[in-house]
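*Asks:* Listed below, chain by chain, are the residues.
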Amino acid sequence: MNELATTKVETFDCRQAFAETLIELANSDPRIVAVCNDSVGSSNLGQFQKLFPERLINVGIAEQDMVGVSAGLANGGFLPFVCGAAPFLTGRALEQIKVDAAYNALPITLCGMSPGMAYGELGPTHHSIEDLSWLRAIDGLVIIVPADPAQTRAAVRWAANSGVPSYLRIGRTKAPSVTTDDSKAFRFGEANVLRQGRSLTIVATGILVSRALDAADALAKQGIEARVINISTIKPLDEAAIVAAARETGAIVTAEEATTEGGLGAAVAEVVVRHAPVPMRILGVRGFAPTGSASYLLDHFGLSRDGIVSAALELKGQ
Amino acid sequence: MDSRENKSIYEYLFTGEPLPATSGPPSNGAMLGPLPTTIDSDERRDRLRRIATEIRRSVVEMIGRAHAGHIGGDLSATDTLATLFFAVLRVDPQAPRDPKRDRFILSKGHCAAALYSTLALRGFFPTQDLATFMQPLSALNGHPNRRKVPGVEANTGPLGHGLPIGVGSAIASKLSGANWRTFVILGDGELQEGSNWEAAMCAGHRQLDTLTAIVDRNRLQQGARTEDTNRLEPLADKWRAFGWDVVECDGHDHQALFDAFTAPRSGKPVCVIANSIKGKGVSFIEDRVEWHHKVPSPDQVKLALKELA
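Residue numbers (our numbering), protein chains in the order written: chain L, 1 to 318; chain B, 319 to 627.
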């Protein structure tokens, strides 16, 4: 008990970092507005609302309107951050995201809160495992999945200055930090190689990054040196980092809190088959999840240290 | 057209090259400028009638040439477009992205031919460009694109998108203190899309009195009459129940439209139900469901142009 307590790693969810950064930006840039669907609490916008009541536009439970309104605000010179639970923002308003944000090429930042299986026991209606697949298919939409608070802060700052539409997946499930230096935490479009290795590569995103690092530690004990890459910009993907990993390590495991069909794993596979075919395993969610907490479900689908280790060993034929 | 337009947005991100201007400078071609604000109402009516006829002739020619388009809805919305662009909207073809400009959004984006004709006649781009309508690589797609066509505010096409964007524009107008006005043309069949009512509720709640929704009430949708498909009436009551002021008028009476668009506001958004005739101006097209997107034959084009003299 005592030993567990002392080795316990501090964990964070990303919503606080998101909210603090948005306030910091709004303080100096009057164009920043937040638009939400009755999600002031779940999007952690309470303090923003207190400080900038006029600039918090709550349209009620109406996601299609929320994204359309944001397009009108952007056309009017504002920089909307659209905040809502990821499953409803991306599912209900998908056509508005495609047309009003991406096809119009407006500087709208879509902030999908509590993505993946963060809502655990609330079930597949409230899980957002399809968002990466849906949104990857939309031309001109940047997709960013920060892995920790430092990456979240940097990604929010990037989005505010980018001038392009983007989707930020803001995690609710707590995970340890994977970056230490804020100034190097996130660079748009660049993969972070968090650990060097030549036996195989684990490519992970979001809360799976810390689990990938744990898996690499466990594999090292078995003599397998795994490279670990954190992909925080899913689109556009850092193809060079993926090609280098395929060529230099010969095998890739991907891990994401999303469906195995069409997300990070698929994006990596598309690059690998074109430039450097190597064996791969794509770890993610398969099918609608059964009842269980977020952490139970992550383990259930093998999105854990042990799940990643097993996939790696299988790839290496061990 | 500029070949850069076909590049993915990422290419600009990585090269640092600025995004292409969403509106190029018009090189020539304003056949008709805006009407002077001092004009008397008889003359305004007369001039708008002539402008509307020009737009209708252009629509018929474009659709005949392209062998595609939505002629019925184009012709029903023409008088509203003419009134807005030539007598109401504060827009400047020389500065189409002026931050304080009035915003116009064609929610029924399939009626692009009427919008393009109006914009070209008003001087946003050369009228010769209208001949490229729906030709390969033309900027003039079957649905409008703000990144390619000066004067277009929003890429529309799927129905139920324009009003939410208009609501956002009206909120921005208020927040910025610039108080520009926002006008959105909606098809009547389009009102079957639920997103309109999300936006209507939001506009009523926020008392967005710089916002005007214009329902092109031609009573026909693609497959049948609106009232036989999914009834809209009592339509005015619906808008009033959502917190809007409603004005009903003849959608082909330029003076009535002008009055409705410019009447003083009373702290509410305004819905103008413009009672119109689908295919207005061409006898064999008027009020016939099959002319939603039927294409006139060369002989029919000639006949239509004769009627639109």
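Keep in mind that the hints were calculated from the coordinates and are not lab data.
Note that the coordinates shown come from a computational prediction; the quantities given were computed from them, not determined experimentally.
Virtual Cβ for every residue (Gly too), placed ideally from N, Cα, C.
Please note: incorrect hints may appear among the correct ones.
[Said to hold, decoys possible] Not the full set, but computed from the structure, chain L residues with beta-carbon under 8 Å of chain B:
no.	residue
1	75
2	104
3	107
4	261
5	262
6	266
[Claimed, not checked] Listed below are the simulated DSSO-like cross-link pairs for lysine-lysine, each with C-alpha atoms no more than 27 Å apart in a straight line:
no.	chain 1	residue 1	chain 2	residue 2
7	B	620	B	586
8	L	98	B	466
9	B	418	B	466
10	L	50	L	221
11	L	50	B	556
12	B	492	B	418
*Asks:* Could you work out which of the previously given hints the structure breaks and list their numbers from low to high?
*Replies:* 3, 4, 5, 6, 7, 10, 11
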